[in-house]
Amino acid sequence: MNKLFPTQEIGSLTKPRWRVKGYRGEPLSEEEIAEAVNWGRKLRIENSDELVMLLGEKDSSAKRKAILEWSAKYAIRFFEAAGLDIFFDGEQWRSEMYEHVIKKIAGFKFLGHVKSFDYRYFNKATCINKPKYAEPFYLDEFLFAKENIEKEIKVPFTGPYTLVNWTFNEYYEKRLSREIKEFKRRKLEAKKQFIFDMIKEVTRPEISRLLDSGARWIQIDEPAATTNPTDEEMELFVETFNETVKGFNCTFSLHNCYSNYEVLAKYACKLRNCSQLALEFANRDSKQTGMGNTRKGYKEIKLFEEYGFRGDYGLGVIDVHTDFMEPPELVRDRILHVAEMIDDPNRIYVSTDCGLRTRTWEISFQKLKNMVLGAELARKALS
Amino acid sequence: MIGCYVTGILPRPKELIKVTRAYNRRRIDERELEKAFEDATVKVINTQLSVDFNYIADGMLRWQDLLRPFTENLSGVKMGGLARWFNNNMFYRKPIIVDDVQRKKSIVEEVTHLKYLPRNFPWKAILPAPYTFVQLSENRYYKDKTEFMFKYAEILRQEIQDLVKPGFKYVQLSDPALVYKPIALSLSRDELNIVNEALKVAVKGIPIKICLQTFFGDFSKILPEALDFPVDHLGIDLYETNFEKLKEHNFEKGVALGLVDSRSSLVENEDELVAVAKEIIESIYHFKTEEVFVCPNCDLEFLPWEKAKEKMKVISNVTKCLREEFS
Chain E
1 MNKLFPTQEI GSLTKPRWRV KGYRGEPLSE EEIAEAVNWG RKLRIENSDE
51 LVMLLGEKDS SAKRKAILEW SAKYAIRFFE AAGLDIFFDG EQWRSEMYEH
101 VIKKIAGFKF LGHVKSFDYR YFNKATCINK PKYAEPFYLD EFLFAKENIE
151 KEIKVPFTGP YTLVNWTFNE YYEKRLSREI KEFKRRKLEA KKQFIFDMIK
201 EVTRPEISRL LDSGARWIQI DEPAATTNPT DEEMELFVET FNETVKGFNC
251 TFSLHNCYSN YEVLAKYACK LRNCSQLALE FANRDSKQTG MGNTRKGYKE
301 IKLFEEYGFR GDYGLGVIDV HTDFMEPPEL VRDRILHVAE MIDDPNRIYV
351 STDCGLRTRT WEISFQKLKN MVLGAELARK ALS
Chain D
1 MIGCYVTGIL PRPKELIKVT RAYNRRRIDE RELEKAFEDA TVKVINTQLS
51 VDFNYIADGM LRWQDLLRPF TENLSGVKMG GLARWFNNNM FYRKPIIVDD
101 VQRKKSIVEE VTHLKYLPRN FPWKAILPAP YTFVQLSENR YYKDKTEFMF
151 KYAEILRQEI QDLVKPGFKY VQLSDPALVY KPIALSLSRD ELNIVNEALK
201 VAVKGIPIKI CLQTFFGDFS KILPEALDFP VDHLGIDLYE TNFEKLKEHN
251 FEKGVALGLV DSRSSLVENE DELVAVAKEI IESIYHFKTE EVFVCPNCDL
301 EFLPWEKAKE KMKVISNVTK CLREEFS
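Those sequence lines, one after another, are chains E and D.
Using my numbering, you'd call the opening residue of the first sequence number 1 and step up by one each time.
Using my numbering, you'd call the opening residue of the second sequence number 1 and step up by one each time.
Everything labelled a hint here was simulated from the structure, so no lab data went into it.
The structure presented is a predicted model; accordingly, all values stated were derived computationally and were not measured.
Every residue gets a Cβ at the ideal spot worked out from N, C-alpha and C, and that includes glycine.
Accuracy of the hints is not assured; some may be wrong.
Unchecked claim - Far from chain D, by Cβ distances over 12 Å, these chain E residues were calculated:
| no. | residue |
| --- | --- |
| 1 | 50 |
| 2 | 168 |
| 3 | 190 |
| 4 | 231 |
| 5 | 233 |
As the list claims (entries may be wrong) - No farther apart than 25 Å at their CA atoms in a straight line, the calculated lysine-lysine pairs in the PhoX-like style are these:
| no. | chain 1 | residue 1 | chain 2 | residue 2 |
| --- | --- | --- | --- | --- |
| 6 | D | 78 | E | 296 |
| 7 | D | 104 | E | 103 |
| 8 | E | 181 | D | 169 |
| 9 | D | 104 | D | 169 |
| 10 | E | 181 | D | 143 |
| 11 | E | 104 | E | 42 |
| 12 | E | 174 | E | 287 |
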């Protein structure tokens, strides 16, 4: 990108209630319909009265499909109106990042909910057969986004390391039970086989389809990247990324957040064809404006540099876990601080820490606008 | 004697999960939540009884994480943010130590459903071991981790004493940090000696059986020092431990063999587990076979309840086969 400090988001945006309930075929309140009308007006969406009509219709597969398209269209206009340079459709077609993919691949069975923390759980699947590509899981949403986005598109794509890490591995563990006696070695080998089959059978075929349809930039999301911070596992993570992107003519980046960056920093330079690391920093940083020591949340950038990472940074300057409204000046200082640290402003893409799905549309919109204004202030400061 | 039991927090059954989620969304009140916890506790206790476990635990369904009752109830400790629970896709709240840590009341006794524990069976309680509690906390008060570890060990002893009174016969101290590789990589002989001293403080004068249960890491890494720990039994995660290195040592204590994998949904082949257990028991007891327990390698809460139940059945069957082998 020619512009200094391009602005981007990471992927998710909260689904409006009319999207969630409408898709489930549940009745909507007046207030929920008004949300569609008001945002339609605010985002200057043509024919949003058609959406209101649609929401009143009886449940059908055609209606559900149309709701996904409307919702994606709203999210696209939302990012556009906030002034971003690079974005996608707010992942409006996806239930979330794990279930959405696993449900569309053959070889898996959901076992039910397991604890994540406190009273929060996730629906965990098990692999019971060799994973097999059954139907596209990102292609349709991409085709729609492509028709509706004029700016640069970055497709968020849940990486195979995370999918495997969040799934029980019955098929491969059973298959190796006669071959490898020691349980520990058996489990690790079973995990490796699972990962590389996933890459070959599922991940790469979908990337191929996206590229054939015109995708130019894919962001591999790997929140589980540093779950096992041993050398052996981190090497496996690097190998997973490299095998995933190997030979494709496309821009790839990696998003990882709320993780151990001391560990990731050591391995980031080994990622091949990874043009950008999109990382979460605002969450770790102080809220005061200023440079130098005030910017403690960004100290780990130094490690990435020392270990030799030379790609770009998708620099998280907006905390997605709080309603605190980062002023443009704070965004500016975060950008300028890192530009000085790495001595190259051209390697910075201005970004949110992670997807915005836990914030309301009102808060997200203001946060993104401030981010865009902050990037503009940083550009001015350097011009 | 060969026995069996659970080694940690059990998974919340489906109906309890539903209620806790509704509670989280403020759709139900405290009373309904309480009722659901009680019903589920009865259910998980009955399951342990139905598969003939030798010690019965209340299942710890309320425990949000292994440290939480202590994080919430010790004065001088503040509840911090979420942190990853070792190498799992599960998180705990970090205890932040901001002042001298004091125990004001019985903590574990209060969160345990004593009234549902069966009168005519021995009970087991599970608490965080000193090394793990200290490693997983953020110390902002004591001069170093060792000072804090001894302070916590003293509190732990009072906790255990309070569990002896209502009739607990067995206490497990969970110590994953002691063997988890990224933390324990640099654990020296001197550090293991300090752990030993802290354990002595924790178990001093306690008249019931104590087990130090390790998991998420290779138990052979803390051998031979662990053989001198002042506990009756040592718990070993066989899905992380190098079998050959383990077999090189002679044990004069009982062991709890983590033969069933709580982090895999694959239900184990019983014959294979019997063979592995037999091989280990025959190698580590050169002279006299001590007490042996068959158990899950760690908390079963990583599995959905139905799977955990199947695995408890496997534990029971394997125990029965081993009893025949060694009778």
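Each hint, compared with the structure:
1. 50: 32 Å, holds
2. 168: Contrary to the label, residue 168 of chain E does not stay out of reach of chain D, its closest Cβ about 4 Å off (not over 12 Å).
3. 190: 9 Å, violated
4. 231: Label violated. Min Cβ-Cβ 10 Å, cutoff 12 Å.
5. 233: It is violated; residue 233 of chain E is separated from chain D by about 8 Å at its closest Cβ, not greater than 12 Å.
6. D:78 with E:296: This hinted pair holds, its Cα atoms lying about 23 Å apart.
7. D:104 with E:103: 50 Å, violated
8. E:181 with D:169: 36 Å, violated
9. D:104 with D:169: Roughly 24 Å separates the two Cα atoms, so the pair holds.
10. E:181 with D:143: 46 Å, violated
11. E:104 with E:42: 35 Å, violated
12. E:174 with E:287: Given pair residue 174 of chain E, residue 287 of chain E is violated - Cα atoms ~51 Å apart, limit 25 Å.
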